[in-house]
Amino acid sequence: MTAGTEPTTTQRPAIERPEIHDTGLLRQSLTIVRRNLIHIKRMPEMLLDVTIQPVMFVLLFAFVFGGSIAVQGSAEGYREWLLAGIMGQTIAFASFIVAVGLTSDIDKGIVDRMRSLPINPAAVLVGRSISSLMHSSIGIVIMSLTGLLIGWRIRDGILEAALAYLLLLLWGFAMIWLGILVGSSMRSVEAVNGLMFATMFPITFLANTFAPAENMPTALRAVAEWNPLSSLVQAVRELWGNTPPVGSDAALPLQHPVLSTIIWTVGLTAILAPLALRAFQRRTAT
Amino acid sequence: MTSTPAIEAENLVKHFGDKVAVDGVSFSVPQGTVLGLLGPNGAGKTTTVRMMTTLTRPTSGTARVAGHDVVVDPKGVRRSMGLTGQAATVDELLTGRENLRLIGGLYGLSPSYLKRAGDDLLERFSLTDAADRVVKTYSGGMRRRLDLAVSLVAIPPVLFLDEPTTGLDPRSRVELWDVLRGLVREGTTLLLTTQYLEEADQLADNIVVIDRGKVIERGTALELKNRSGQAAVVVTVSNGGDLPRAEALLREVVDEVHVDEGARQLTAPADGLRAMTRIAGIFDDSDIELDDLGLKRPSLDDVFLRLTGHRAEDTTETDEEVVL
Numbered sequence: 004m005t006a007g008t009e010p011t012t013t014q015r016p017a018i019e020r021p022e023i024h025d026t027g028l029l030r031q032s033l034t035i036v037r038r039n040l041i042h043i044k045r046m047p048e049m050l051l052d053v054t055i056q057p058v059m060f061v062l063l064f065a066f067v068f069g070g071s072i073a074v075q076g077s078a079e080g081y082r083e084w085l086l087a088g089i090m091g092q093t094i095a096f097a098s099f100i101v102a103v104g105l106t107s108d109i110d111k112g113i114v115d116r117m118r119s120l121p122i123n124p125a126a127v128l129v130g131r132s133i134s135s136l137m138h139s140s141i142g143i144v145i146m147s148l149t150g151l152l153i154g155w156r157i158r159d160g161i162l163e164a165a166l167a168y169l170l171l172l173l174w175g176f177a178m179i180w181l182g183i184l185v186g187s188s189m190r191s192v193e194a195v196n197g198l199m200f201a202t203m204f205p206i207t208f209l210a211n212t213f214a215p216a217e218n219m220p221t222a223l224r225a226v227a228e229w230n231p232l233s234s235l236v237q238a239v240r241e242l243w244g245n246t247p248p249v250g251s252d253a254a255l256p257l258q259h260p261v262l263s264t265i266i267w268t269v270g271l272t273a274i275l276a277p278l279a280l281r282a283f284q285r286r287t288a289t
Numbered sequence: 142m143t144s145t146p147a148i149e150a151e152n153l154v155k156h157f158g159d160k161v162a163v164d165g166v167s168f169s170v171p172q173g174t175v176l177g178l179l180g181p182n183g184a185g186k187t188t189t190v191r192m193m194t195t196l197t198r199p200t201s202g203t204a205r206v207a208g209h210d211v212v213v214d215p216k217g218v219r220r221s222m223g224l225t226g227q228a229a230t231v232d233e234l235l236t237g238r239e240n241l242r243l244i245g246g247l248y249g250l251s252p253s254y255l256k257r258a259g260d261d262l263l264e265r266f267s268l269t270d271a272a273d274r275v276v277k278t279y280s281g282g283m284r285r286r287l288d289l290a291v292s293l294v295a296i297p298p299v300l301f302l303d304e305p306t307t308g309l310d311p312r313s314r315v316e317l318w319d320v321l322r323g324l325v326r327e328g329t330t331l332l333l334t335t336q337y338l339e340e341a342d343q344l345a346d347n348i349v350v351i352d353r354g355k356v357i358e359r360g361t362a363l364e365l366k367n368r369s370g371q372a373a374v375v376v377t378v379s380n381g382g383d384l385p386r387a388e389a390l391l392r393e394v395v396d397e398v399h400v401d402e403g404a405r406q407l408t409a410p411a412d413g414l415r416a417m418t419r420i421a422g423i424f425d426d427s428d429i430e431l432d433d434l435g436l437k438r439p440s441l442d443d444v445f446l447r448l449t450g451h452r453a454e455d456t457t458e459t460d461e462e463v464v465l
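Residue numbers (the numbering used here), protein chains in the order written: chain A, 4 to 289; chain B, 142 to 465.
Chain A on its own, in the form it takes in the complex (with noise of 0.2 Å):
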C-alpha cells in the first residue's frame, strides 16, 4: 500500500485513513439485505405481490370458482384444494422479483457501485436472492394465515408440512436464478415486468395450481402434469393432507412427486444457476 505523500498545509484535522476489513461473503449479503428491507420500510406497496394479490386470488378462486370445480379427497374441498396451488404460483414469482430488483439496480448503477468495492463479488445477487426469499416467504405466511381462515387445515404430521415448506422455499432458490438470468438479460423494469406476465402467468396457469389436471383435454393434461410447478403442488398437497396421491393413470412426475420436485429444482438450478451467472458477467462487466 502506497502511502500519499503528505500534504504541506491541511485545511481541517483531516480523518485519519480507516481500516477496510473483510467481512466476508455472509456479512457482506447481510449488509445488502438490510438495505433492501429499508426499501421496503419506504415503499410498503412493494409487498402488493405477495400479500393483497395472492390473498385476493385465494378468494377469488375459493369463492367464484369454487362452486363449480370439484375435487375429490380434500376434506374442505377446493377451498383447501387451491390453497397449495396459490403457493405455487406466488413461489414461481419470486423469479420476477428477483428479476425487478435486480434490473433496476443494474439500470441505476448501483450493482457497478458494489462491484467497484473491496467485497465478495457474490455479494450483490446472494442478497439480492436472500431478501427475494424473505419477500417471498412474506407472502406464504400471510397466505397460510388466509387458508386458516378459510378452512385449510394441516391434516398430516408436523414434520411431512414443514418438508412441504422446505419444498417451497427449494422451488423458490431455483426461481432466482431464473430472475437473475431474466434481469441480466432485459434492460428495463418495465421489459422484465412485460415478459415476466407473458411468460409466468401461462406457465403457472397450465399446471394443477387452481383446476386439476385430469379434467383437461389430453394433450393440455400432458403438459400440465409434466411442468415442474405442479410436482411441487401436488407434492405440496400430499404433505399437507391436502389430496390423496394422484391415480394410476397420471404422469410419472406426479406420482412420486416429493422426489420429482427434487429432482426438478436441482436441474432447473443447473440448467439456469451457469447461464444466469453468465448473464450478469456479461451485463456488467463490459
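No lab work stands behind these hints: they were computed from the structure. Glycine included, C-beta positions come from ideal geometry on N, C-alpha and C. Among the hints, a few may not be true.
Stated by the list, open to error - Pairwise CB distance ranges, derived in the manner of DEER restraints:
1. A:D110 / B:E339: 48 to 58 Å
2. A:A222 / B:D210: 51 to 61 Å
3. A:V67 / B:E264: 27 to 37 Å
4. B:A404 / A:Q284: 52 to 62 Å
5. A:R285 / B:G165: 22 to 32 Å
6. B:I357 / A:L172: 25 to 35 Å
7. B:S267 / A:R285: 34 to 44 Å
8. B:G308 / A:R190: 52 to 62 Å
Starting from the known structure of chain A, fit chain B onto it as the hints suggest.
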C-alpha cells in the same frame, strides 16, 4: 527521489466484439495531482475508467492504481480507490446517512469510525441538514455531492470521477470544483473524465485528450493551448473610421494584421505579453481611441477543434456510450 505514480495506464486496449473502444491508452498520474481525461462522447473515456476501476477487464494491457495491478490484484485496487460514475449511483430510497452507512458497512469500517466520518463528510458536503431525508427528495447537485461523499467514506488515496458535473447547473458545478480542489489539497489523486474543456482547464494539472480510443494529445492546459497556435493581440477601436490608421500603426510592428470592419477589430499574431505591451504603447502615443485591447490565447476548444476536427460538445453520441 521518485515516488510511484498513483495511477498508471499501460497500453490499455478494450474490444467489444470487433469494435475497438480503447486502442492502446497509456498515461501516468503522479500522487496528489489531477489528470483530466478529455474527449467527446464515445471516445473511450468511460471504458478506460471502467478498466482502471476493475469493472471490466482489459482485452490487453494493464493499469495500476496505488501500485496494485487491475488484472492481477483487483481487490487491492478496490481497496485503494473510490469511484463516482456518470449517473449518481446513490440509493434513492435510503437517506443520505443510510447510503454512507451501507457503503461503509460493505467496506467493513467500524461503526464508531463510520459515525465520525459520516458526520464529517455530510458537513463537508453541506448535507448535514438533509442527512436524514430520503435521497429521492434531493436536488441533482445534492445527489452528486452525496455520491462523492459515499465514494470518500473509506478515504481512498485515489479517486476516479466519470463526468462528475454532467447535468449540473453552473453554480453546483463550481461548488463541486471547490470540493474537488479541497480533496487534492489534502493529498488525494484525482482522475476525472470530462467533455467540458473549462472543467479540465480549471481542475487538471495534466490533460490527456482521447478520441476514438487513442491518445491524441497530452500536456498541461497551457502547453496544449500554446501548441495549438500563437496568441494574438486583439485591438478594438472606438470609431470605425480609425481602422485604416490603426492598421498602419500596427503594421509598423507586426507583419500580419486582420481587419474585421463589422466588429471594428484588428487581430495580429503576437508572442505574448511583451508584444501586447509594445502595441499598447503605440496606441497610447496616438490619438486613436480604443474600446478594448487584449491578448487572446487559443482556448482548449480551439485545441480540440485542431486535434479532432470537431468541437468537443456538439458531437453526436456513438453507440458505445449507449451500450454502457
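Taking each numbered hint in turn, which are not upheld by the structure, reported in ascending numerical order?
Numbers 1, 3, 6 and 8, in rising order.
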